[in-house]
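*Asks:* With these hints in hand, go ahead and build the complete structure from the sequences.
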Amino acid sequence: MRYLAALLFTVFFAGSALANQCPSLVSQINQQLQSAQLDSETEANIKALRDEGESLHNQGKHSESVKVLREAMDKLDSMS
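Count along the sequence shown starting at 1, add 89, and that's the number in this note's numbering.
Hints were generated in silico from the structure; no laboratory data involved.
We put the beta carbon where it would ideally sit given N, CA and C, even for glycine.
Keep in mind that the hints are not guaranteed to be accurate.
[Said to hold, decoys possible] Simulated DEER-style distance windows between Cβ atoms: (1) Asp166 x Arg91: 41 to 47 angstroms; (2) Asp128 x Gln148: 28 to 34 angstroms; (3) Ala133 x Ser113: 36 to 42 angstroms; (4) Asn119 x Glu153: 28 to 34 angstroms; (5) Asp163 x Asn109: 18 to 24 angstroms; (6) Ala137 x Arg91: 43 to 49 angstroms.
*Replies:* Here it is as structure tokens:
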């Protein structure tokens with residue numbers, strides 16, 4: 090019984106932690122986009138990933154959202 094309680098507690102707070110990460114990542118992407126020197130195709134690709142991540146966050150799919158937003162961050166970092 091304790092194992093189940095600990096598991097549920099962990100899952101609940103892991104989801105909450107991911108939910109809080111999404112808006113922070115979107116904000117970081119927006120800040121980096123303002124100062125990055127990107128071609129229009131790359132910028133559009135990163136913005137599409139950002140928008141997809143934000144949409145996933147709004148749907149409650151936080152782990153998927155974080156994955157997509159980190160992909161956008163990685164592309165931004167590699168281009169800067």
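*Asks:* Please go over all the hints and tell whether each is borne out by the structure.
*Replies:* Structure-based check of all given hints:
no.: 1; hint: Asp166 x Arg91: 41 to 47 angstroms; in the structure: holds, 42 angstroms
no.: 2; hint: Asp128 x Gln148: 28 to 34 angstroms; in the structure: holds, 30 angstroms
no.: 3; hint: Ala133 x Ser113: 36 to 42 angstroms; in the structure: violated, 23 angstroms
no.: 4; hint: Asn119 x Glu153: 28 to 34 angstroms; in the structure: violated, 20 angstroms
no.: 5; hint: Asp163 x Asn109: 18 to 24 angstroms; in the structure: holds, 20 angstroms
no.: 6; hint: Ala137 x Arg91: 43 to 49 angstroms; in the structure: holds, 45 angstroms
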